[in-house]
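Protein sequence lines correspond, in order, to chains A and B.
Per the numbering used here, numbering of the first sequence is gapless, rising by one per residue and ending at 217.
Per the numbering used here, numbering of the second sequence is gapless, rising by one per residue and ending at 452.
Derived from the structure by calculation, the hints contain no laboratory data.
Please note: incorrect hints may appear among the correct ones.
Lysine-lysine pairs mimicking BS3-like chemistry, simulated, CA-CA at most 27 angstroms apart [claimed, not checked]:
1) B:K296 with A:K190
2) A:K178 with A:K162
3) B:K366 with A:K178
4) B:K371 with B:K429
5) B:K371 with A:K178
6) B:K366 with B:K429
7) B:K429 with A:K178
8) A:K162 with B:K366
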Amino acid sequence: MTTDETINCEEALRLLAEYLDGELHGGAHVGVEQHLKTCRSCFSRAEFERRLKAELSRLGGDDVKPAFEQQIRHLISHFASSPVRTSQGEEQ
Amino acid sequence: MLEPRANVQHYPPVAMNEPASDVGSWFERSVLGVLPDLVSTAQRLTRNATDAEDLVAEAVAKAWLGLTSLKERDRFRGWIFRILTNEFLATRRSQPSGVKKESLPDEGGGTEFSLFEQLHQPFLLWWGNPEKEFLDKLLREDLVRAIDSVHETFRIVVILADVQGLSYREIAEALGVPVGTVRSRLARGRSHLQKALWEHARDAGVIPRATHKDTKIK
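Could you build all of it, start to finish, from the sequences and the hints given here?
This is the structure:
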C-alpha cells in the first residue's frame, strides 16, 4: 500500500465506510477522496465495497401484491372517512 | 386483516385545518409511494411474507393515528420507517418466552471480517480479478440469505442503511440510539453479512481454491 501527503491507508480504510455512506464531510472526505486517487489497493477495496452496497440496495422496493396494496388502500380510506371520535366515543 | 379500532380518534388533530379527505389523499399517496420499500424492509426484518404484511399494515395504522408527531411532511419516509422498526421491535419484545429469540452476539470490538481481503489477490492484478468475479456471480438469493443470517440488532441497521439508504441520523432517530451506536452496529452487521456471503460461496464451491486464505475469521 502507499501513503500520500494527507492520509495513509490505515486511516483511509478506517473512514471508508462513512465515506461510501455519504457521512463524511470536510477535510476527512477530501482526504479519503485524494487517497483513493493515488492508492490502487485502497481504490480496489472502495470499488468492491461500493458495488456490494449497490447490490444490497437492489433488495429494496419489492413488488407489492395487488391484494395487499388494496388492503392498505382500504385501511387508509376507512380511517380518512371515519368521523372524529373522542376517547369517550363521542362523534364530532 | 387489521381493522380500525372503535373509540379512537381517527382524524389526526394536526390536520384539523384541512378536510379529512385531503389529509387522507395525501397520506395514501405518501404511503403508496414508500409501500414497496416498507414491504421489502419488513420482509427482511421478519423473514416471513405474512408477518411482513401484518407489520406494514400495523405500521400504517400507527402512522395515521400518530400523524401529529410528523412535524414536516417531507420527512415522511424516515418517520414511517421509524414507526415500522419500532413496531417490529415492540412485537419481538412482546413475544412469549417460549418463542425462540436470537441471542445477541458480543457487541464489543474485534476484528471485522472483510470479504475483499479474503478474495483480493494483488499478484493477479493485471490478469485476474477474483473480487469482481465474485460480485458478478452474486445472486439476489445469496444476499437475502446472508442478510437473513445476521442477528436482528445488526440486521435492522444494515437494512436501513444499505437497502433503504437512510442516513446515520435517520437510523439513530428510528432506533432511538446514538449515531455512534449506529456506526458500530453497521460495521458489525456488514462484517457478519460479508462473512455469511464468504462461507456460503466457499461451501458452494463458487470461490476457487486458490483464493482461500488461511486466516481466522471472527
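Hint by hint, here is what the structure shows:
{"no.": "1", "hint": "B:K296 with A:K190", "verdict": "holds, 21 angstroms"}
{"no.": "2", "hint": "A:K178 with A:K162", "verdict": "holds, 20 angstroms"}
{"no.": "3", "hint": "B:K366 with A:K178", "verdict": "holds, 14 angstroms"}
{"no.": "4", "hint": "B:K371 with B:K429", "verdict": "holds, 16 angstroms"}
{"no.": "5", "hint": "B:K371 with A:K178", "verdict": "holds, 15 angstroms"}
{"no.": "6", "hint": "B:K366 with B:K429", "verdict": "holds, 17 angstroms"}
{"no.": "7", "hint": "B:K429 with A:K178", "verdict": "holds, 15 angstroms"}
{"no.": "8", "hint": "A:K162 with B:K366", "verdict": "holds, 19 angstroms"}
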